[in-house]
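**Q** Residue numbers (the numbering used here), protein chains in the order written: chain Z, 542 to 850; chain W, 542 to 850; chain F, 542 to 850; chain C, 542 to 850.
FYI, nobody ran anything at the bench for these hints, they're computed from the structure.
Hints are not guaranteed to be accurate.
Which copy is meant is left open, so a pair is good if it fits within one copy or across any two.
[Unchecked claim] Below 20 Å or equal to it, Euclidean Cα-Cα: the simulated EDC-like pairs (lysine to aspartate or glutamate) are:
hint, residue 1, residue 2
1, K809, E671
2, K809, D840
3, K809, D832
4, K809, E833
5, K663, D712
6, K809, E776
7, K809, E834
8, K809, D847
Protein chains: 4
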Amino acid sequence: MSSASRYTYLGPEGTFTEAALRTLPESATRELVPMVSVAAALDAVRTGEAGGALVPIENSVEGGITTTLDELAFGAPLMIYREVLLPIAFALLVRPGTKLSDVKTVTGHPAAQVQVRQWLTKHLPDAAWESAASNADGARLVQESRYDGAFAGEFAAPTYGLEPLATEIHDASNATTRFVLVGRPGRLAAPTGADKTSAVFWLRDDHPGALLDLLQEFAIRGVNLMRIESRPTGEGLGQYCFSVDAEGHLTDRRVGETLLGLHRRCLKVRLLGSYPRADEIAPVVRRGASDEEFSAAADWLNRALDGRV
Amino acid sequence: MSSASRYTYLGPEGTFTEAALRTLPESATRELVPMVSVAAALDAVRTGEAGGALVPIENSVEGGITTTLDELAFGAPLMIYREVLLPIAFALLVRPGTKLSDVKTVTGHPAAQVQVRQWLTKHLPDAAWESAASNADGARLVQESRYDGAFAGEFAAPTYGLEPLATEIHDASNATTRFVLVGRPGRLAAPTGADKTSAVFWLRDDHPGALLDLLQEFAIRGVNLMRIESRPTGEGLGQYCFSVDAEGHLTDRRVGETLLGLHRRCLKVRLLGSYPRADEIAPVVRRGASDEEFSAAADWLNRALDGRV
Amino acid sequence: MSSASRYTYLGPEGTFTEAALRTLPESATRELVPMVSVAAALDAVRTGEAGGALVPIENSVEGGITTTLDELAFGAPLMIYREVLLPIAFALLVRPGTKLSDVKTVTGHPAAQVQVRQWLTKHLPDAAWESAASNADGARLVQESRYDGAFAGEFAAPTYGLEPLATEIHDASNATTRFVLVGRPGRLAAPTGADKTSAVFWLRDDHPGALLDLLQEFAIRGVNLMRIESRPTGEGLGQYCFSVDAEGHLTDRRVGETLLGLHRRCLKVRLLGSYPRADEIAPVVRRGASDEEFSAAADWLNRALDGRV
Amino acid sequence: MSSASRYTYLGPEGTFTEAALRTLPESATRELVPMVSVAAALDAVRTGEAGGALVPIENSVEGGITTTLDELAFGAPLMIYREVLLPIAFALLVRPGTKLSDVKTVTGHPAAQVQVRQWLTKHLPDAAWESAASNADGARLVQESRYDGAFAGEFAAPTYGLEPLATEIHDASNATTRFVLVGRPGRLAAPTGADKTSAVFWLRDDHPGALLDLLQEFAIRGVNLMRIESRPTGEGLGQYCFSVDAEGHLTDRRVGETLLGLHRRCLKVRLLGSYPRADEIAPVVRRGASDEEFSAAADWLNRALDGRV
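Produce the entire structure from the sequences given, and follow the hints as far as they go.
**A** Below, the structure written as structure tokens:
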């Protein structure tokens, strides 16, 4: 199998990332390789060992996954070609035969603890929690009998020879994690009519209204921002870059012109890609922001330059 | 002489408009025809009887010349190709032999009265003022002995057989009138590096922030507004269009993109032309607003669309 | 009768200004004195000879009445206490017995000519027009048999012994003139719930976005602008002040805070008054802009300063 | 010792947080209690067991400390009274007698790994890294001989009977962590002239320009934003609140009015406090934004309401 047909992902096996990756039809024909870190998964793409990598980028409860954001912003360039949304619900995985009353110690990733806290208070108030490096790692530790139960995705049970004792455990009713399929820079994913464009921009200088000015570049052209996160540039407190997702595809003229505006006013802009929205929601395009209106305006200007007003 | 070589102007002979027109080198080779009104001067261009018309558009004391603004905004389309700035100073013109102590009655255009009021209070406190239809008309009435003195441009004296008794009379120290040379729509005047673009725009709807949004179109692209005037559209109180002058030529990319933005968001935009600034002051172009930066951004976007990020 | 009970107005008798003044109930108990100019009408108030003056400030066809705007902006301070809206329609006034076919010469104020042009083309295509100093003056000239017909308000007919030969003549279907009742500075008119606040502001400096910044002061607090006009300050081309009407009363907290913001950022602000809207339309107050929300926020801040968060 | 004189901090002993806490003069007279987590440190304040807690809030390399941000935004209200900036530099701590060539395994907090990576590549290219729960925990594991070296603050050496083999190790030249001293809500820290105000705001609705509008509330009043971070509200992807630091004290009128504006336009605002800036840099107050100008404007408005214009 060629490296192009290999997809890495944030492992180990049995994590939500693997479950997210398996929702992509193409995953059936790819070699799926778990990696120990987001950086490792992405580096395999950078070196050409893999054709793509699926990594988490945002969680509706925890926020942006800073490792991913920083790798995409500061590492060797990569681009996003797809996104996957996965509702996050946990199962309590135990060795076969274990009853709820047998569970004295539980484990899972620290992020899981927030999600299952209420369930624990109600059903296992006396259970002791210890954190594991990942949810899947927790499952492995239960397999090795070091804990009685692990909170992980229900899909992880067979991998570790465990059984779900309870499922659909979560706190916030709509906890969702967003994953992105990342590849080496290349042609953008084709526009579908329901797309998203991601980019990172560095303010050229630190004048107070700089962020405001850049948000105006979006607003004036009718481009909605879906996500904005500040990340430190590593050059001292108060020095930020901004990672954003905007509605629309770079080939939508309102989006293209906005990115041009950012490029002119920013120290640096890094395009992270235009790709289909997982929720398939087409944007409501404001009056004056459609491609047709951009074309009509361009025609008008061309005529005007010749005095045909 | 062909009609193209005929220039009309707001008459009669001897007005400041004629003086302004004569500052244009080409006036030496044109037939200069005074007209009774701005509308008449412009209509002669519209019908093809004249190749151009010089009319006042703005005065630093009186403000916009509404007839001219409205003719350009609402009448059959015309375009501005040149502008002339003329400092306004009056002379008191009298019949030869008249002494200051002989002057009991004076005349002039109502706009002149504001300018000469202080001078009159000081030098001719008892003189009676009556308004004339134009400064030149006032001179004619003095020629006909209907008044003793007329306030007009010193240059009007020979035309009416008069003599200046006092010159350089004005109130506000830098009273200036701006005139525009108007022609039928055609190719824009070539860019000189110190240009001005004039346009009229009609707000698409009456939402409170509509004007603010449109000013943002200029600001976000680093285009300075030099003049903005609201004019009623005639469709009821509170219904305005806006007549503006912006720094730069329509072929400057920041100006072109601004006009495109206006066109998309406005009910209507009428381009009135791009033409050399009479003051020959080149604009200070803000960082990110130069043609070079527009080109660099476009190159970046083209590369980005191919994944060369 | 005391001077306080005397109201001046832009005369002569029989003008639309007088008709507007007579729509005010209090006019029945005032001595109404026509003056030869807006300046004269206002000066009578300044000197104490009159308690109020009614002058036109804006016309839906002609735009702002610059004399009035400039007197209020630059003259000794006065304040607006009321406004009157008067639909403008002309009558053709003739001496009794005159038939339409007898009318060879017509007169009226130049502003009337625009309004009646279409009617003339249709009904009196061969009539010669000459301008008069005012519509009422035109009527007087007809009375003196110097013209055959005068365009003026129908109400002017009895004053000059004339008869209307045609009425309701106008071009733009809803031509309206707005008049203001001006007095010496004093307590604002009481808020009615449907008010308007007028002010003039001078930009502190000439930085390109200065006007934009000031419009933001209104927008951010949910105060709608109803009118904005630039007026030259007389200090050279490109030097403007802005005359505005905003929705709401100065005692509405959103309006008061906006004016405070203008005062801090402008070279100068002159308040022209808060007064009832003639159209009695109460504003739709945006969420977050009501007095209740201002109070709630102030309460919150006071608690916060004490740590009661 | 009363609970008020007890300060908790993010433990264990020997972490940078303890070092930061010890820079506060008052720490000399307080009982300093390490806690296992930010939540535990803050909960001790909430329950009254401690009078204050020092926790990290932001790192110039890693970004916002999300646990702290979320505890302050979503947990029972607390307020910030002080901040501490601590330059972050690591020492390689070893058991006495260990030579560099003896070091085969090293440990430390994952965040430390980023900082020491370059140093490791150069000086210990073959050393194996394993992560510890905290830098101090890593030191303890070296004390227990489970690793040969730990990267931690030099100040941690005596606590664990270790010696620094190398010091001042860091990647980004100016890596700094910012800590805040948090207490129960109460009177704000007194203004010093160089202060900072922290708050969290929830957008009232999800209209595209909502963030832009709120940044305008700051900009229009001349209040500079020093930090802005979006945090998910837990109600689904795309639902954010914003945690900000603004220049100035809540008793500065420009800051107070800005917070009032936010309160009116936001679903919710939580004040996190006004407190002295650790860098003691006094803000440059823009023209029109000083307390004096706020007072002058208020005086003007009061006079205007009485007609003294």
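**Q** For each hint, tell me whether it holds in the structure or not.
**A** Status of the hints after comparison with the structure:
no.	hint	result
1	K809 - E671	neither (43 Å within a copy, 35 Å between copies)
2	K809 - D840	between (31 Å within a copy, 14 Å between copies)
3	K809 - D832	between (26 Å within a copy, 18 Å between copies)
4	K809 - E833	between (30 Å within a copy, 16 Å between copies)
5	K663 - D712	within (12 Å within a copy, 46 Å between copies)
6	K809 - E776	within (15 Å within a copy, 33 Å between copies)
7	K809 - E834	between (29 Å within a copy, 13 Å between copies)
8	K809 - D847	between (36 Å within a copy, 18 Å between copies)
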